[in-house]
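Colleague: Sequence:
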Amino acid sequence: MTKLLIVESPSKAKTLEKYLGKDFKVLASYGHIRDLIPKTGAVDVDHQFAMKYDIIDRNAKHVDSITKAVKASDAVYLATDPDREGEAISWHILEILKSKQLTSDKLIKRVVFNEITKTAVQHAIEHPRDISMSLVNAQQARRALDYLVGFNLSPLLWKKIRRGLSAGRVQSPALRLIVERELEIEAFKSQEYWSIHLHSHKHQHSFAAKLIQLDGKKVEQFTVTNQAQEQEVVGKLILQSAGKTTVQRVEKKQRSRNPAPPFTTSTLQQEAVRKLGFTTSRTMRIAQQLYEGINIGSGAVGLITYMRTDSFSLANEAVAQIRDYIKKNYDADYLPNSPIFYKTKSKSAQEAHEAIRPTDINVAPASIRQYLSDEQYKLYEMIWKRALACQMTPAKFDAVTVDLSVGQDEANLFRATGQTMIFPGFIAVYSEGVDDSEEEEDKKLPILHTAEVLEVEKIFGEQHFTEPPPRYSEASLVKALEEYGIGRPSTYASIISTLQDREYVSIDKKRFIPTDVGRVVNRFLTDHFNRYVDYDFTANLENQLDDIAEGEQEWVPVLQNFWDDLSKNIESKKDVERPGTEVLDEQCPKCGRPLSKQLSRYGSFIGCTGYNETPKCDYKRSLNGAENTASEPTVIGEDPASKLPILLMNGPYGPYLQLGQAETDSKKKPKRVSIPKEINPSTVNLEIAQQLLALPRDLGAHPTTGKKIVANIGRFGPYVNHDGKFKSIPKTDSVFDITPERAVEILAQANAGPTPLRELGEHPTAGGNVAIYSGRFGPYVQHGEIRATLPKSQGPEDISMEQAVELIAEKAAKGPSKKVSARKSSASKSSAGKAAASKTTAKKTAAKKPAAKKASVKKSSS
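When we follow the numbering used here, the leftmost residue of the sequence shown carries the number 4, and every step to the right adds one.
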């Protein structure tokens, strides 16, 4: 009996072939094989939203291969991904087979597996099912909704703003989040405030405390709002203290920190952005590779479960395997008495089988390091550690709070807090990263007793200014999208990519900034189609799609209700005016009328509001101040190779060159290159333009690795790139004529890294080198990614391996440090001695990055 198994990707097919017998042939559909016809009428709103599909050109040959193979097979198993998209692909394949009359005498079944392992695949083959039309209908409804919004709102944007723009059912609310955050930042007014601190010590152990009560009243954030108040309060406290402070209360508590649940799609994306510096799309691409299979010497093996899931749950077999691994490799204290189960909140998670986990916890990252690329290894290691840690015991800490009084009574109280980790628990394996941390770094306090009198080293004020909320990073945007219910985790990466592709947002320091185009589009949509960018409306629609997937709601009524309202709204907005320009508080130097920020097809510029008035004023300039260059490009000359014009243009971030005109409605963008700051745009001639457009330069293969070396210009200037590593080109060299030999020298300097002050040797339990280095803030000990500053009382030569290991473990347990502010505050210190109120000011450092992962505490061999 000849059997055919159809999957989505060729790499997945290759992995599956080794698990199936000789009777099976495995073919790939290469993703979706049909899509809506790309024109009006693809969704027939007058006939129950009938959808007109056509085979995607690039996959036509794969459809032919599938139909030929079906003819020669007795049974067909549709094994596309275990989600709505996968279900829809199987349905489309079946519909094509029906149209070719190839289904009447064959067994055609749907099979799903959450992981590509021999056991999972064989179980799926033994338990086939029919295609779920509820899942198919949910996918079709989503596709139809996206089509109705895109094909009806986008032309309105072309007419009212400029061509090439698009609106989307999910992308537009996501854009609104970014624009509204930027408006919050622009409207934010910083406020000054001061915190008051006391430094004391016991037996050479210094510690700090913060004023929490002044004259019997609780100290609030804005109790002290200027330096004059600060000087008055500090002076008063110094006099009342007479150099002494009394311990009024000592409270000791033991607290614990529980492990995070295993990864969902959303939390995997967020953590990969924070810890690994990946983008969401890069994360999903690498996860797909790990899921579909990697050759680890014995053939291709699926290393992780399916990566598109909302579920926190793990299969009982997986939990048992993880617990067994902990039992064999860690001391008994690291294994809870019973398994830990995590509750999933999302209703749609019922469609997914499990959270993201390794298919076999016994395949430790180090054991397959040689078979994985750097990025595959990093992501697999993170998934492996998170899954292992989620079944381990909590970390335990001794927390201490001490209140100290200044003066004769308890009217003025300072509070010191500290904690010490007494058992690492899951932190021995994994510690979760965070965005924009506000947690305060833990400190050790000396042993203190009630009524004990201590010496005051100093009392001082610390100046702060409240700061606006941070711009969204990819991680925090994904978190916000999930919290608002906008889209689903499987769509987040494509949402972010679309916003960037449409040039609605730009990225600065890994944070999203709306462009002028993005602002105008958002303003138009919120003014005229507010319901469709409303967060609650979008989330409710997602819930209705979930109901359709569960078979609790029919898809056509959902579309009908949506279309009835949208069509009326579009009809009523056909004659609305173009979005208003932003009038500036500045007069035109030519005619005296107000200037305004305006948008043309070539970007934003500043122009006179008198352009359409009589007498007409045609004054205009770019955003960076160059007159008469923003609204129209300057033709530098013709590129000899392509025969296309080279245009000098101005964008939101300065002048750039463009090769040829952008084609209307084309996804392909013309080549563009920024003009470096050191080159005056007015001096750019055809020769310079050709040199710039020739970037990036391929300098050939690296003599050691054989991999390509590239020279280019980026946001931070000229650089060379080799194997994912970047190094700035010194000012003494030119990106246009740097030689391969010189590039190798520069890269070698980048790879050299700092020289250790002292090598301590291999970590006794976790492996890997432990060494002491000289840093900007003093010497530190490093193991892997973890760096721990040495105590001031000890020099590099005084630290033993045991002390180094303890410092590293403490640093890993602390987690991210916390800024002392309303949100994130910049601060400067004003210190006072015991008898004098003279002050010196110094800026505080920024909050530290989340702590790196702590070395594993392996089971002793005794």
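Be a bit skeptical, because a hint or two may be false.
As the list claims (entries may be wrong) - When the alpha-carbon atoms are kept at most 16 Å apart in a straight line, the in silico EDC-like pairs for lysine to aspartate or glutamate are as follows:
no., residue 1, residue 2
1, K247, D412
2, K593, E574
3, K728, E378
As the list claims (entries may be wrong) - Pair by pair, the computed Cβ-Cβ distance ranges are:
no., residue 1, residue 2, range
4, D568, S509, 29 to 37 Å
5, G720, I59, 56 to 64 Å
6, P673, D511, 38 to 46 Å
In case anyone wonders, no lab produced these hints; they're calculated from the structure.
No residue lacks a Cβ here, since even glycine has one placed at the ideal position from N, Cα and C.
Colleague: Is 29 to 37 Å right for how far apart the beta carbons of D568 and S509 are?
Modeller: holds (33 Å)
Colleague: Can you confirm whether the C-alpha distance between K247 and D412 stays at or below 16 Å?
Modeller: holds (13 Å)
Colleague: K728 and E378: Cα distance at most 16 Å?
Modeller: Status holds; Cα separation ~13 Å.
Colleague: For the pair P673 and D511, does the Cβ-Cβ distance stay inside 38 to 46 Å?
Modeller: violated (23 Å)
Colleague: Given the range 56 to 64 Å, decide if the beta-carbon distance of G720 to I59 lies inside it.
Modeller: Violated - the Cβ-Cβ distance for G720 and I59, about 42 Å, lies outside 56 to 64 Å.
Colleague: Do the alpha carbons of K593 and E574 lie within 16 Å of each other, as the hint requires?
Modeller: violated (41 Å)
Checked against the numbered hints above, the structure violates hints 2, 5, 6; every other hint is satisfied.
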